[in-house]
Structures are given as C-alpha cells and as structure tokens.
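Chemist: Chains A and B supply the protein sequences, listed in that same order. All you need for this note's numbering is the position in the first sequence, starting with 1, plus 8. All you need for this note's numbering is the position in the second sequence, starting with 1, plus 193.
Just to be clear, a hint being listed does not mean it is correct.
Claimed, not checked - If you want the footprint, here are the derived chain B segments under chain A, 3+ residues with CB under 8 Å:
1. 281-288
2. 315-321
3. 326-337
It should be emphasised that the hints constitute simulated quantities derived from the structure, not laboratory data. The structure displayed is predicted, hence computed values, not measured ones. Yeah, the Cβ is synthetic: ideal placement off N, Cα and C, and Gly gets one too.
Given next are the chains, with one letter for each unit.
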Amino acid sequence: MMRLGILNRLCRSAVFCSDWTVRDGVTTTMLTLVRNHHVPSDRFKDYGIPNASWNPDMMALYRRYMAWTEDGSWKRLPSYNRALRQDRDPESPNRLFTRNTDVEGSCFEYAMFLNASERRILCIFQPGPLLEGPPCHTHGGAIFTLLDGVAGTCAYATMGPVLTANVNVNFQSAVHQMPWFRPSEWEMRSLSLEDG
Amino acid sequence: MVPSDRFKDYGIPNASWNPDMMALYRRYMAWTEDGSWKRLPSYNRALRQDRDPESPNRLFTRNTDVEGSCFEYAMFLNASERRILCIFQPGPLLEGPPCHTHGGAIFTLLDGVAGTCAYATMGPVLTANVNVNFQSPVPLGSTVLIEARIERVVDRKIFMSCLITSGISPKVHVDGSMLFIKCLGSGPANGK
C-alpha cells in the first residue's frame, strides 16, 4: 500500500478568495478523461469552464492558464457533477459535493489545470455567497473541501485511485479572512512516496 | 437575544430525518432535562447579518431549505464538561466516493462542531490546525455522531480532540485533533 505525502501550498494572486469542492467524484471523472478520452461530452455537462458568474479576475486567471495548455504540457481538467460510474443510475439524486447546484456563482466556481509530468496541479477558484463562514468570508470547511479535492485530483491523476487517509492542515489567519468573489489560485504538487 | 419568530431554527427534526437520527435526537433531548446539556439552535446566517436582510449570503452548512438534501444536524453542548455532541445525517448532495459522503463535507461539520464548542466555552476563536484521520467512509443518508471536547487550554491555544462514530454502533469513521486560537479582546459568548 502506498502512502502519499502531499504538499499543500497556497499561491495567492494579488486578488484572492477561497472555496473548495468534492474530491472523489471529480478525480474519477478527471482520470477517465485524461487517460481514455471516452467521456461523451453531450451527455454530461462540463462545469470547469467559464460562465456568466465568473468575475474579471477569474476570467483573467482562466485565460492565463489556458494559454499554458497550448503546448500540451498542461491540460485543463473537465469537471462533472457525478462520478461516471453513476451513469448506471441516472435517477440517483446524488451529486458531487462541489458541483451540487446549477445556480451559477452561488457556491463553488473553479477550474483545474494538470501537469502530469511534473505532478503539479493548479486550481483557480471563486467562492459564492452560499459558502459563508465568518461574516462575508468563506467557510473554512469550504476551503478544505477544495483543498482536498485538488490534492486528491493531483494524486489520482498521477497515481491512480486514492482515498484520503490523513489530513493535517494549518490555517494561517489570512486564509480565514479571505473574502469571496475574489479568485485565488492554488498549486499543489505530490511531494513524496513512501511504502507502508 | 435572537427573536425566534424572525429566524428559523434549523437544528430541530424535519420530515427528512431517518429513524436512527430521530432516536438519537430523542436520546440527547432527554439529556437536556437536568440542565447539564443544551440543544443549540442553528441559524443560516451569522446573527450580525440581521443588519443586511437582503444579503444572499448563507452559512455554508445551512445554505438550502430543501430538507434532507445536504447537511441535517443538531448539536448538544455540555458547557461545564467542555464537550459537544452532534448528530449528523448527510444528504445526497454531499457525495464524494460514490454513495458516500465527501471528506470535505465531513471536515466542514467537524470544524463547525469543534469550533462551536470552543466558541461557546471560550469566546470567539479561529481554527489554526486540524489533523484528521479518515478511517472509513460515511454512507449518504446514514446517521453519525460527532463528538468533540476541549482537552486543554494553554494561553490562547485551545487543544481539542474529535471523533466521529456511527450513530448506532461503535464503528469509528474519523478521529483527530484540532487547535483553535482564542481571538483577542473578546469575552465569553453564548452558544449559537
């Protein structure tokens, strides 16, 4: 059994905010797309693309990282609202936690970019008003959810199916004070592998 | 004081609660009869938001009125023992692993429960560190019991332990420890 050490590093742009989303459903979907390209795009909506709720800063970040994908080293990861295996149960009410609403801009708005050869992932994120914790700021649990999702996606895309076993998070005071509607960019990379 | 006719208390049973959740609720409501335990009311905005009634902001764990779809939970506090219990039933919109609860959703409520205990006994706090082991996934629609207690306080640091077990069996889903920091310049607060 492999144990992964994950380095979580928050890269903050001049304008930033916080928010986060589901891990396992996203990673399943992402891996299938990266490896097999079998996702029928007309059946499932890809949420990891801009919509009307994205503010100018979020759009600027998106354009910056889409430019990185032109040489093939980076890939924008599509994002669906259910694990693909749920396709077998189309009546299920289950929805991926970070994609559980179609009201644009209300909860998690994010897009991920993966560099598989460097084992790095970048995520741009814009939290909405339904993610409140401290007044007018993002809930710490919302921050963690996306943190966990991004780290898990990076691990899943480079190593295969994973489950979170342990999380040790230090919340610096600035994180809790991050106001929403201001996108942030997060970077994570796989740090070490240990046999256990 | 919160005018109860103006703000809805979400920490009480509704039609979506399953029988295990109702049984646990009745058990802990019985504990409140001698005054040592209190059921904490739960609102969908920070109280100071009362000044901005048009705001679209909603507390993350109370951001929907569709019963049973997301977080269904109720908290019980024992202030003298500095312990808190929370019964939790995750809904279908909290999915992570297929048919199980997203780890982030579990963490969210864990942080909220421990933070509420710290806040109610020590005053305003901020989360500084969380170290959590996910031992087994929580199925959607099941009932779990979240327990958190203050282990010790050193200056402004509040060290807490937490445990999530199945509501109806001793199976452990999550265990961990947390560190909260007391904010400066604040007195004790009532449970919210």
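Chemist: Please go over all the hints and tell whether each is borne out by the structure.
Modeler: Do the hints match the structure? See the list:
1. 281-288: The restraint on the segment 281-288 of chain B holds, since 4 of its residues have a Cβ under 8 Å from chain A and three suffice.
2. 315-321: holds (count 3)
3. 326-337: That given contact holds, which follows from 4 residues of the segment 326-337 of chain B lying within Cβ reach (below 8 Å) of chain A.
Checked against the numbered hints given earlier, the structure satisfies every one of them.
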